[in-house]
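**Q** One letter stands for each residue in the lines below.
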Amino acid sequence: MAGISKAFPGVQALQDVNFEMARGEIHALVGENGAGKSTLMKVLTGAHLPDAGQISWRGQPAAIHAPADAQALGIGMIHQELSLIPYLTVGQNIFLGREPRWKLPGFIDWKKLYAQTQDLLDRLNLDVNPRAEAQGLSIAQQQMVEVAKALSLNADLIAMDEPTSSLTDKETEVLFAMMRALKAQGVAIIFISHRLEEVFEISDRVTVLRDGRHIATRPTAELDHNKIVELMVGRELGDIYAYSPTEQRDVVLETADLSDGDELKGVSLQLRGGEILGLAGLIGAGRTALAETLFGIRPAAAGDIKLAGQPVKIRSPKQAIQHGLGFVPEDRKLQGLFLHMAVRENVLLSGMDLVATLGFINSGKANGLVQGFVDKLDIRTPSLQQEVRNLSGGNQQKVVIARWLALQPRVLILDEPTRGVDVGAKAEIHALMRQLAEEGVGILMISSELPEVLGVSDRILVMHEGRITGELTREEATQDKIMRAATGVVHHGI
Amino acid sequence: MPAQSSKIRNLLRRFGLILSFLLLALALTLLSDRFLTSANIINVLRQSTINGIIAIGMTYVILTAGIDLSVGAILALSAVMTANLLQGGTAVPLAIIIGLGVGAGLGLINGLIITKANVPPFVATLGMMTIARGLALTYTGGRPITGLPDSFRTIGTGVVGGVPVPIILAGAAFIIGAVLLTKTAVGQYILAIGNNPVAARYAGIAVHRYTTFVYVLAGALSALAGMILIARLDSAQPTAGLAYEFDAIAAVVVGGTSFAGGQGGLGGTLVGVLIIAVLNNGLNLLNVSSFYQPVVTGVVIAVALLLHRALR
Ligand SMILES: Nc1ncnc2c1ncn2[C@@H]1O[C@H](COP(=O)(O)OP(=O)(O)OP(=O)(O)O)[C@@H](O)[C@H]1O
Ligand SMILES: [Mg+2]
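Protein chains in written order, with my numbering: chain U, 1 to 494; chain Y, 1 to 312.
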């Protein structure tokens with residue numbers, strides 16, 4: 001790709017970018033949120049037309065005007081935002097539009113379709129029924145199905161836009177093994193990730209984008225963590241988050257034997273004001289079920305919740321908010337965002353009372369409040385009126401976080417808060433969490449990223465199969481101890 | 001060049017609807033010298049008031065990704081009940097309030113069935129459509145109720161400062177509706193529910209309450225439209241408002257509100273209502289057979305939908 005430029009109203013997303021891939025190479029593409037990584041991949045795969053520039057494929061100029069053109073050339077893509085169709089089965093999703101045909105023209109050979117799907121899933125070591133509907137799958141499973149879909153294209157080049165952002169370490173390992181196998185077969189892979197450890201582990205070369213410009217392309221071996229960050233942000237990152245404990249106050253949230261009659265099987269915990277409590281565990285351990293029960297999304301089947309010592313019944317998110325709870329859900333597209341609404345409304349929707357008198361929105365007040373968070377979180381958007389769907393993934397995540405910060409909750413639950421957020425912004429979010437803790441907020445942070453759990457939490461709880469199987473102080477916690485508890489080896493550290 | 005074309009696209013998306021309306025009006029002005037007269041314009045506006053008022057409620061409903069097929073039947077049932085009260089000597093203001101209450105109440109039932117019993121809007125309001133129509137027929141024994149008090153008839157036939165009362169009412173309803181939708185928290189909640197009901201719940205919005213509200217609003221506005229209709233005709237027919245839901249839906253869709261919910265607004269609906277009214281008026285002026293009129297209207301709706309899709 002040579003001299004690629006692409007502008008959106010108010011944003012120069014790409015400016016004269018050059019990018020090249022070698023056969024059988026794993027090439028990492030990194031950059032801050034909004035740097036243009038997804039846009040570059042969308043240009044490559046025909047989802048966006050560039051304003052200028054030329055794409056060549058195997059030395060020949062290639063005309064890629066639509067995704068079908070790219071597919072025909074053997075270029076596949078896994079999008080940052082999952083795009084499976086909820087009511088179709090795994091197999092139907094994978095072969096959508098390319099279903100194997102039966103003897104009679106126009107009829108689909110379902111048996112063959114599901115057999116081929118099973119093959120693909122086996123290659124990925126994925127324990128999912130090919131006939132299961134996509135909507136029943138966890139995000140991680142959906143992500144892996146997307147990988148299977150790209151594999152099924154027999155592509156020579158696969159662009160993977162943040163495929164690991166919702167995977168646990170174990171699943172990431174499976175994906176990496178797959179990527180290495182593909183590489184050995186000569187398939188080239190573009191790998192986008194904000195987790196630099198992964199970039200070092202898997203990639204041969206790294207390309208850095210900043211503000212839509214190509215900054216550098218280097219062999220991974222010549223780079224280190226700080227160097228990449230420096231190239232990404234254009235300066236040395238001084239204020240990277242450093243842990244400092246906060247004074248712990250009274251218990252703000254307490255549960256006794258809480259269960260939802262399904263995934264959550266009796267959880268008792270205490271959270272103090274000023275404390276960041278990390279909640280670790282594998283996918284399906286019941287961490288999200290716990291958060292959703294606390295927040296009134298799932299009804300509690302048994303057990304008690306106390307807020308600041310007072311027993312409460314929470315039957316809806318609305319009530320939870322009235323009790324001073326906030327919740328950043330794990331799936332921003334499905335549970336967090338109103339894609340066709342403006343940044344401003346997305347931030348304000350839960351806190352309309354803050355900016356409305358008698359139900360009428362005070363525009364000046366609203367803009368002031370939202371602009372404050374846009375600045376504080378460094379949300380890259382040309383205006384507050386921009387529709388959220390036009391923001392880059394990481395900036396969308398910050399919009400969801402801003403909504404809950406605006407409410408000034410007493411207890412804030414965050415489910416994978418830094419998914420898809422770049423290193424700098426991640427440190428900012430962590431610093432912000434610490435700042436909230438200093439103001440006396442109790443924070444419950446669910447994260448599948450162990451370094452994040454270890455780096456930020458004052459105390460760590462580990463869940464397995466709906467129960468708490470470990471409690472570790474910051475000092476005694478290690479990746480190993482967490483993993484042991486997460487796989488069901490009961491461990492009580494205190 | 002792609003940047004250029006995306007700019008044109010943006011302009012078209014914004015002003016395309018108004019532009020097509022102006023082109024239509026221009027064409028009719030050239031084709032018929034009776035079109036651009038103040039009498040005809042007032043006439044078109046008056047004819048569009050009933051569809052306009054119903055279309056306001058319909059816009060709200062469609063913005064939540066719902067649909068209301070019962071507006072015409074609710075119009076009929078509330079109209080015959082109001083007419084009956086008036087003939088029985090009930091004070092005019094009280095009869096109007098009760099009539100609006102009937103419309104709102106039927107809308108409330110729609111909303112509760114949709115939210116609490118989780119019945120799809122299409123099915124719930126289809127049921128309401130046949131039930132309300134059936135009740136209107138039973139209530140009147142199939143006969144029209146004719147002869148209404150003069151003071152009531154003003155809302156259909158009165159003129160204030162040279163402007164017919166129905167136009168004033170419809171104009172007020174549009175302004176209030178637009179302010180509610182764009183300037184208040186409730187309006188944003190409704191858009192949010194249409195955009196993403198799951199995220200709306202997670203954000204603490206009372207999804208059931210506001211979803212129910214839009215059906216109540218649609219019911220009350222249908223009742224209001226019904227009163228204007230019977231006041232003008234001096235007669236309440238149990239078959240009044242037959243198929244009015246389709247005109248309202250057509251206006252909303254031509255106006256660019258998306259069936260998927262969450263996108264669109266009353267400005268578009270207003271132009272949609274006017275396009276349909278002007279079209280019908282123009283076809284009349286040009287003496288096109290009334291058999292062909294629905295065909296033309298249908299084609300216009302289809303074209304509008306295609307254009308909205310192409311520009312999105
Ligand atoms: N369809 C669109 N309309 C308008 N602006 C857009 C659109 N798509 C992307 N942008 C803007 O282009 C810029 C680059 O976005 P892009 O999604 O490529 O970033 P990214 O590097 O993938 O970021 P992230 O790490 O957050 O995913 C951003 O400022 C974004 O807001
Ligand atoms: Mg991206």
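Think of the hints as simulated: they come from the structure by calculation, not from any bench. Worth double-checking, as some hints may not be accurate.
[Unchecked claim] Listed next, the in silico DSS-like pairs over lysine-lysine satisfying Cα-Cα at most 30 angstroms (straight line):
(1) U:376 to Y:116
(2) Y:183 to U:265
(3) U:265 to U:227
(4) Y:7 to U:318
(5) U:183 to U:170
(6) U:318 to U:333
(7) U:365 to Y:116
(8) U:333 to Y:116
Note that this is a predicted model, so its numbers are computed, not measured.
**Q** Given the hint that residue 365 of chain U pairs with residue 116 of chain Y, does the C-alpha gap stay at or below 30 angstroms?
**A** Distance of about 36 angstroms is beyond 30 angstroms: violated.
**Q** Can you confirm whether the C-alpha distance between residue 183 of chain Y and residue 265 of chain U stays at or below 30 angstroms?
**A** 45 angstroms, violated
**Q** Is residue 7 of chain Y close enough to residue 318 of chain U, meaning Cα to Cα at most 30 angstroms?
**A** Answer violated: residue 7 of chain Y to residue 318 of chain U is near 41 angstroms, above 30 angstroms.
**Q** Hint check: residue 376 of chain U vs residue 116 of chain Y, CA-CA at most 30 angstroms. Holds or violated?
**A** At roughly 41 angstroms apart (the allowed maximum being 30 angstroms), residue 116 of chain Y and residue 376 of chain U break the hint.
**Q** Does residue 116 of chain Y lie within 30 angstroms of residue 333 of chain U when you go C-alpha to C-alpha?
**A** Distance of about 26 angstroms is within 30 angstroms: holds.
**Q** For the pair we were handed, residue 183 of chain U and residue 170 of chain U, check the Cα-Cα distance against 30 angstroms.
**A** 20 angstroms, holds
**Q** Tell me if the straight-line CA distance from residue 318 of chain U to residue 333 of chain U falls inside 30 angstroms.
**A** 20 angstroms, holds
**Q** When you check the alpha-carbon spacing of residue 265 of chain U and residue 227 of chain U, does it fall within 30 angstroms?
**A** 46 angstroms, violated
Checked against the numbered hints above, the structure breaks hints 1, 2, 3, 4, 7 and satisfies the rest.
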